[in-house]
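A.B. asks: Top to bottom, those sequences are chains S and R. So for the first sequence, my numbering puts the first residue at 132; every next one is plus one. So for the second sequence, my numbering puts the first residue at -14; every next one is plus one.
Just so you know, these hints were derived from the structure itself, not from any lab. It is possible that some hints are incorrect.
[To be verified] As a list, the in silico SDA-like pairs of lysine to any residue whose alpha-carbon atoms are at most 25 Å apart:
{"id": "1", "chain 1": "R", "residue 1": "Lys149", "chain 2": "S", "residue 2": "His258"}
{"id": "2", "chain 1": "S", "residue 1": "Lys330", "chain 2": "S", "residue 2": "Glu263"}
{"id": "3", "chain 1": "R", "residue 1": "Lys149", "chain 2": "S", "residue 2": "Gly244"}
{"id": "4", "chain 1": "R", "residue 1": "Lys149", "chain 2": "S", "residue 2": "Lys330"}
{"id": "5", "chain 1": "R", "residue 1": "Lys137", "chain 2": "S", "residue 2": "Lys348"}
{"id": "6", "chain 1": "R", "residue 1": "Lys137", "chain 2": "S", "residue 2": "Val369"}
{"id": "7", "chain 1": "R", "residue 1": "Lys137", "chain 2": "S", "residue 2": "Lys330"}
{"id": "8", "chain 1": "R", "residue 1": "Lys149", "chain 2": "S", "residue 2": "Gly272"}
{"id": "9", "chain 1": "S", "residue 1": "Lys330", "chain 2": "S", "residue 2": "Asp191"}
{"id": "10", "chain 1": "R", "residue 1": "Lys149", "chain 2": "S", "residue 2": "Thr203"}
{"id": "11", "chain 1": "R", "residue 1": "Lys149", "chain 2": "S", "residue 2": "Phe159"}
{"id": "12", "chain 1": "R", "residue 1": "Lys149", "chain 2": "R", "residue 2": "Phe213"}
{"id": "13", "chain 1": "R", "residue 1": "Lys137", "chain 2": "S", "residue 2": "Gln226"}
{"id": "14", "chain 1": "R", "residue 1": "Lys137", "chain 2": "S", "residue 2": "Val187"}
{"id": "15", "chain 1": "R", "residue 1": "Lys137", "chain 2": "S", "residue 2": "Gly272"}
{"id": "16", "chain 1": "S", "residue 1": "Lys330", "chain 2": "S", "residue 2": "Val369"}
{"id": "17", "chain 1": "R", "residue 1": "Lys149", "chain 2": "R", "residue 2": "Ser177"}
{"id": "18", "chain 1": "R", "residue 1": "Lys149", "chain 2": "R", "residue 2": "Gln202"}
{"id": "19", "chain 1": "R", "residue 1": "Lys137", "chain 2": "S", "residue 2": "Asn221"}
{"id": "20", "chain 1": "R", "residue 1": "Lys137", "chain 2": "S", "residue 2": "Val281"}
{"id": "21", "chain 1": "R", "residue 1": "Lys149", "chain 2": "S", "residue 2": "Phe252"}
{"id": "22", "chain 1": "R", "residue 1": "Lys149", "chain 2": "S", "residue 2": "Leu245"}
{"id": "23", "chain 1": "R", "residue 1": "Lys149", "chain 2": "S", "residue 2": "Val187"}
{"id": "24", "chain 1": "R", "residue 1": "Lys149", "chain 2": "S", "residue 2": "Lys348"}
{"id": "25", "chain 1": "R", "residue 1": "Lys149", "chain 2": "S", "residue 2": "Glu263"}
{"id": "26", "chain 1": "S", "residue 1": "Lys348", "chain 2": "S", "residue 2": "Gly272"}
{"id": "27", "chain 1": "R", "residue 1": "Lys137", "chain 2": "S", "residue 2": "Ser243"}
{"id": "28", "chain 1": "R", "residue 1": "Lys137", "chain 2": "S", "residue 2": "Trp231"}
{"id": "29", "chain 1": "R", "residue 1": "Lys149", "chain 2": "S", "residue 2": "Arg241"}
{"id": "30", "chain 1": "R", "residue 1": "Lys149", "chain 2": "S", "residue 2": "Arg208"}
{"id": "31", "chain 1": "R", "residue 1": "Lys137", "chain 2": "S", "residue 2": "Thr250"}
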Amino acid sequence: MSAKAPLLALDNVSKSFGGLRVIRELSFSVARGQTVGLIGPNGAGKTTAFNMVSGVFRPDDGTVSFDGRDITNMASRRRIGLGIARSFQNVRLMQHLTVWENLLVGQHVRASGLLNLLTPFRLIPNHRWRREVVAALDEMGLGGYADATVSELPYGIRKRIDLVRATLAGASLLMLDEPAAGLNPVETQALTAHLEALKARGITLLIVEHDMHFVDKICDHVVVLNFGSKIAEGPLSVVQHDAVVRTAYLGAEQAA
Amino acid sequence: MSGYQTGVLIILCFNIMAAYAVYLPLVAGQLNLGIAGFMAIGAYTAAYLTNEMGWSLVSAIPAGGLAAGGLALLVAVPILRTHGIYLALATFALGQVISAVFLNLEVVGAAAGYPVSTYASPLAVFSVTAAIVLFVVGLSQTRFTLYLTAIKNDRLVADLLGLKVWGLQVAAFTLGAAIAGIGGGLYAHHFSFIEAQHFSVQLSIYTVLYVLLGGTQTVWGPLVGALFFSLVPELLRAGEAWRYVIFAALIVAFMAVRPQGLVTSTALRGIGRLFGRKPAAPGAQP
Ligand SMILES: Nc1ncnc2c1ncn2[C@@H]1O[C@H](COP(=O)(O)OP(=O)(O)O)[C@@H](O)[C@H]1O
Ligand SMILES: [Mg+2]
């Protein structure tokens, strides 16, 4: 593994669902510490690409590698241990539980094993697992929410709690699927600050997002997908003026 | 304590054990509709061991639990591969098969039933029930129960966060069956007689009903459900046939009003705060 090896690389990845080719010979890579935007019209295959990196689906063809290691066929469960974390388009937390209980699950990779599984830690006041969770919340200015029930929280806060959970395992790559969708401008600003803090920690981000303003602010580099193929790649300011990209977006808008 | 009161308490104990047997897999989202079958395994195994092999209660009852747990482990692979209604149907069918086997198994009396000579006192029933409640409550303080909840809530997210979804589900299903087996073994030795019909579909279904009624969000729900199921029919002593109808109507009414069960985690946290057990989040709204 050379020093320049990208953190994440997709090489000629293809995927079909029932004859429909959703990803076509897709190749791109993300360098360590980079923030890459994965953009494209609805149905372009962005979420599917995420699913292959996180192991939800196996590619039909091609390889996915992480930190120089081929993970194409690695069990999805084991990928978080390597440092791959993701969030979903909709927040998927346990609604009726408190924030800190939700975050405990995010801690799992660093508290695995039978002994940890069966320790009645809730009986121990201020157990170190709880302290750790509260500290992670504090770092993001969310410390006051530790004991709040998730269902009672505003969407923007839930979204960020979801991010805290995804990063508790010590991920080096965080994939976010439309993180700004459904947020109001104030919430989007808080999210941006949150992501900046993650970047400052050295976490590599791969972000699917439709809000180009947001992408412009946060991403160093974008990869554009259309009908499962990469049609352009580069800084957003350059890609935006690409004729093929413009037609793809216009075509999608006219079709919609 | 009068004989009547002891009798009601004993019934309550068996209902509590059955409730927790159903509860554990249910926390992970798995509906076991064959719990009576696992009780039968425990009952017949333990009874056979004391009757024919001269084992003591102290070893025979755990052995009954092991047998039920062992069977659960064996069938876990085909059964837990199914989901939702299919899982419910598969466990339901398994319960029926077990019952039919005992109905025809000559060594344990087949259709004539099986008298059990060693006696388990009410105290033994109370103590084992208390131990099981303590065990499940203890588990609720661990990551294990939290992870089961996480799996029920969202399997995919649980998997991507690194949980061994399959292993945890098998463990919950097996532990539940083992508790049912222990309950069955005690039942056999307390009532001194068992027959296949004791472990009927009705038993399985009623247990699931009152566990759902109590709620599966917290470890106390099944206890409340079992209390309700054991005591309300006693209070409604309006003719044998009618009291179960009234009880069933009550359940339907409760489920309509409170589908998440009587005891919810939010309600429990509210009560906890009332008694100052855990300080309310200081400034939850900053
Ligand atoms: N599990 C699946 N089964 C069948 N088709 C799917 C599945 N997931 C995605 N697709 C299809 O793949 C295409 C790309 O979907 P997706 O990756 O979700 O697009 P995007 O995230 O870019 O909007 C769509 O046509 C979608 O219907
Ligand atoms: Mg998508």
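A.B. asks: Next, verify each hint and record whether it holds.
C.D. replies: Structure-based check of each hint:
Taken as a hint, the Lys149/R and His258/S pair is honoured in the structure, with Cα atoms around 24 Å apart against an allowance of 25 Å. Restraint check for Lys330/S and Glu263/S: the C-alpha separation of about 20 Å stays at or below 25 Å, so the hint holds. As the CA atoms of Lys149/R and Gly244/S are separated by approximately 11 Å, the hinted pair is consistent with the 25 Å bound. A threshold of 25 Å between alpha carbons decides the hint, and for Lys149/R with Lys330/S the separation of about 30 Å lies outside it, so the pair is violated.
Taking the CA atoms of Lys137/R and Lys348/S, the gap is near 38 Å; set against the 25 Å cutoff, the hint is violated. Between Lys137/R and Val369/S the CA atoms are separated by roughly 46 Å; this puts the pair beyond 25 Å, and the hint is violated. Between Lys137/R and Lys330/S the alpha-carbon distance is near 33 Å, which puts this suggested pair outside the 25 Å criterion. Proposed proximity of Lys149/R and Gly272/S is contradicted: the alpha carbons are some 32 Å apart, above 25 Å.
Taken as a hint, the Lys330/S and Asp191/S pair is broken in the structure, with Cα atoms around 32 Å apart against an allowance of 25 Å. Distance restraint check for Lys149/R and Thr203/S: the Cα-Cα separation of roughly 20 Å lies within the 25 Å cut-off, and the hinted pair is therefore satisfied. Note on Lys149/R and Phe159/S: the hinted pairing is violated, with a Cα-Cα distance of about 31 Å set against a maximum of 25 Å. With a CA separation close to 35 Å, the supplied pair Lys149/R and Phe213/R exceeds the 25 Å bound.
The straight-line distance between the Cα atoms of Lys137/R and Gln226/S is roughly 12 Å, inside the 25 Å bound, and the hint therefore holds. Restraint check for Lys137/R and Val187/S: satisfied, since their Cα atoms lie roughly 18 Å apart, inside the 25 Å limit. A distance of roughly 30 Å separates the Cα atoms of Lys137/R and Gly272/S; the hinted pair therefore is violated under the 25 Å criterion. Taking the CA atoms of Lys330/S and Val369/S, the gap is near 23 Å; set against the 25 Å cutoff, the hint holds.
Proposed proximity of Lys149/R and Ser177/R is contradicted: the alpha carbons are some 42 Å apart, above 25 Å. Simply put, Lys149/R and Gln202/R have alpha-carbon atoms about 21 Å apart, close enough for the 25 Å limit, and the pair holds. Distance check on the hinted pair: Lys137/R and Asn221/S sit about 17 Å apart at the alpha-carbon level, within 25 Å; holds. Distance restraint check for Lys137/R and Val281/S: the Cα-Cα separation of roughly 16 Å lies within the 25 Å cut-off, and the hinted pair is therefore satisfied.
Taking the CA atoms of Lys149/R and Phe252/S, the gap is near 20 Å; set against the 25 Å cutoff, the hint holds. Pair hint Lys149/R plus Leu245/S holds up; C-alpha atoms about 12 Å apart against a cutoff of 25 Å. Between the alpha carbons of Lys149/R and Val187/S the distance comes to roughly 15 Å, so the proposed pair stays at or under 25 Å and holds. A hinted pair counts as satisfied when its Cα atoms are at most 25 Å apart, and Lys149/R with Lys348/S does not qualify at roughly 38 Å.
Only pairs whose Cα atoms come within 25 Å are accepted, and Lys149/R paired with Glu263/S is accepted, the gap being roughly 23 Å. Straight-line distance between C-alpha atoms of Lys348/S and Gly272/S comes to about 21 Å, which keeps the hinted pair within the 25 Å bound. Distance hint between Lys137/R and Ser243/S is fulfilled; the C-alpha atoms sit about 19 Å from each other, no more than 25 Å. Taken as a hint, the Lys137/R and Trp231/S pair is honoured in the structure, with Cα atoms around 18 Å apart against an allowance of 25 Å.
Of the pairs offered as hints, the one joining Lys149/R and Arg241/S holds, with about 14 Å between alpha carbons and a cut-off of 25 Å not exceeded. For the hint linking Lys149/R to Arg208/S, the alpha-carbon distance of about 7 Å falls within 25 Å, and the restraint holds. Between Lys137/R and Thr250/S the CA atoms are separated by roughly 21 Å; this keeps the pair inside 25 Å, and the hint holds.
Comparing the model with each earlier hint shows violations of hints 4, 5, 6, 7, 8, 9, 11, 12, 15, 17, 24; every other hint is respected.
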